[in-house]
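S.K.: Sequence:
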Amino acid sequence: MSFNKLVYKTLLCVIIALWSVGLNANASPDGNETDQKLKQAEGIVNVSPDEVIVDIGALLKQINPEDKSHRALAMKLLGKAHYFLNNHRQSLEYYQQSYSLYMDLGDKNAAGGLLNNIGLIRQSQGDFGTALKNYQDGAELMEQSNNAEHLALVYNNIGNVFYVLGRYDKAIEYLRRAMRLVEKRNDSLGLARAYNNIGNVYLGLKDYSMAEEYYLKALEINKSKGSDISLASSYSNLGLLSGSIKKYEKALEYNKLALEVSRRINNHLGIIHSLINSGNIKLEEGHIDQARIFFNEALRVVMVNKDAYAYSLVLMGLGELELQASNPDASIANYKEAMLWADKIGSSTLKTQGYVGLSQAWEAKGEFERALHYARLNQALADSIYTSDYADKLSRLRVSFESEQTERDNQLLRQQNIYSQLALKRQQTIRNLLIIISIIIVVFSAFIFWLYQSKKIKNVLLAERNEQVFRQKEELTLLYKEQYRLNETKNKFFSIVAHDLKSPFQSILGFSELLSSEYGQLTESQRIDAANNILKVSTDTFRLIENLLEWGRSQTGTTKAAKQVFNVKEMVMNTLPVFEPMMKTKDISLTYELPALLHAWADVDMIMTVLRNLLSNAIKFTPPGGKIHLSALLTNDQVRLSVFNSGDGISPEVEKRLFSLDPKVQRAGTRGERGTGLGLALCREFMELNNGNIIASTVVGESSTFTMVMQPRHLALDE
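Numbers given in the numbering used here equal positions in the sequence shown, counted from 1, plus 334.
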């Protein structure tokens, strides 16, 4: 920065010295010669800015200091020439001097145009606050001079600043003003510019259909009548829209067209944005190396152009790229640099993007507290932007804007009617007759219209009543179906209770009666067998009653999942000891493959209940000498705990109704063991309460596998 200041001071001294020499050595040219040179410079400033700087710089030294009109125009041309060469500091200096001269001359239109140009430079430097003030001051001067063409340009620029700052309500307000002005003037190029900018706002609001409608309107005008800059803007905007709706090939095609046009006219900002957009699309497709090429090229161009907003955008893109490339440190560095510029220009849109990126990058590093910090900053910023009052106001502006087109059409029709009436008045000879006829026609038309409206209102009321009756019918049908389903469930429930509770109690009574009446005649072995049978039947009955109560509680909606983070392996190991005697009796081998550090997020008591049911079923349907295998893994943001058992598997007919209360699903185990009929239905209920699932897979004649799908640990941190 000190070197730049030194160069600036040196150049300023040289310029002042040259002015002094020129004023002393040369006589002032006459007015006609000065006008001719200035007019010639105006015609070539866009294509030969270097030549204009030399010629007009020399001319400025010869112009009389009292000739403010010519000096103001000369400085304006020098400012424009430096602007096209990206010498923004010199351009700003000449524009400000020219503005002061035009204000002294009382030329508010020219002064307002210079404030607009100054605003463009401030905007490219990222000073959006100053740029906005320049635009608004310029608009005020142009309103006083009634210059609709330039005023429409300034309104467009104001709308664009508010769009970048995330103030979509203000953006629509000023863009709507610009569109009204260009429509009055039949300015097709201005209308295309307004359509493009309005499309940008709708894109920011994620109203893609409306954005596409306005972008295509702008493209149609720019292809036939527009400038290359406007055409490049249309292609770039359509590329952004196509990328937003994931039509990546189409987006790349539009960006390529925008890049070709921008390079042809040496539009640096257009080149930068086309490269950024292409890089973002390649990131979406997962082509990191190709994306890096686009972003590096954009960075090279933006370092020459020095546009703060574009520079921040490029750094955001590089941050996302490094994050996808698993380089979180590089990603964080890019995002932090981008956020410095986002803070400087005060762009809520860029700051939101930066907070999200930093949160993801710190999370990728495992720094969850820092990730949460930036996530909270993002949420706070989002809350400050999208308040309810703001959303209501924005909605009203959108509705007002969309209805304005209809109002303009109606106004055109009314104007045509007025012109017809004026033409009729000129026919004095038949004026009275035409008035009478017109009155009769109007009265008759009003009467017909009243009849039509009355009939229309009646039809609308009838349609509403019919629709209400139809909705009530549908609601009754749904209630009937739900009641029918509940009755069916209740019947199945009582069927299971009647069947599965009766048999165990009969067994208990039988063995108890045997021990009571013939205790002395039984051997010790027979007594032990009878006691073991009573214990087994009592245990099974208790498990049935426990499942019935749990299932009933889940059906009433009173069961809530108390989620917590738990170690999957520890939970499984705490559950297994209960089943060791049962597995030992059937000589079943148990193996497991459980990662020691795998954690899930769920209600651990419910998960243990599900696991007990699955293990009980696995033991029941595993033949003597068979095997059971437990495994767990983390995949696709899911914790999967699987219970595999060898055996006959499950037939397709039974598998379809496996998780229902259908009595036909109940099967005896390999030793005739009976189930409750509620276990798997309860398992599914519990897994769904924990935002999970249970999946059954089988190979008929070989094995069955039941997989519990749970949420991973990091989802608990997100909530």
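Some hints here could point you the wrong way.
[Stated by the list, open to error] List of simulated lysine-lysine pairs, DSSO-like, C-alpha gap at most 30 angstroms:
#, residue 1, residue 2
1, LYS897, LYS918
2, LYS903, LYS815
3, LYS402, LYS371
4, LYS518, LYS699
5, LYS590, LYS557
6, LYS580, LYS551
7, LYS580, LYS467
8, LYS590, LYS551
9, LYS442, LYS540
10, LYS580, LYS540
11, LYS815, LYS790
12, LYS402, LYS373
13, LYS815, LYS699
14, LYS590, LYS518
15, LYS518, LYS807
16, LYS699, LYS580
17, LYS920, LYS903
18, LYS894, LYS918
Everything labelled a hint here was simulated from the structure, so no lab data went into it.
S.K.: Taking the hints in turn, state whether each one holds.
M.R.: So, going through the hints one by one against the coordinates:
no., hint, verdict
1, LYS897 with LYS918, "violated, 34 angstroms"
2, LYS903 with LYS815, "violated, 43 angstroms"
3, LYS402 with LYS371, "holds, 16 angstroms"
4, LYS518 with LYS699, "violated, 57 angstroms"
5, LYS590 with LYS557, "holds, 16 angstroms"
6, LYS580 with LYS551, "holds, 22 angstroms"
7, LYS580 with LYS467, "violated, 38 angstroms"
8, LYS590 with LYS551, "holds, 20 angstroms"
9, LYS442 with LYS540, "violated, 39 angstroms"
10, LYS580 with LYS540, "holds, 13 angstroms"
11, LYS815 with LYS790, "violated, 37 angstroms"
12, LYS402 with LYS373, "holds, 16 angstroms"
13, LYS815 with LYS699, "violated, 52 angstroms"
14, LYS590 with LYS518, "violated, 35 angstroms"
15, LYS518 with LYS807, "violated, 54 angstroms"
16, LYS699 with LYS580, "holds, 29 angstroms"
17, LYS920 with LYS903, "holds, 25 angstroms"
18, LYS894 with LYS918, "violated, 36 angstroms"
The structure is inconsistent with the numbered hints 1, 2, 4, 7, 9, 11, 13, 14, 15 and 18, although it conforms to all the rest.
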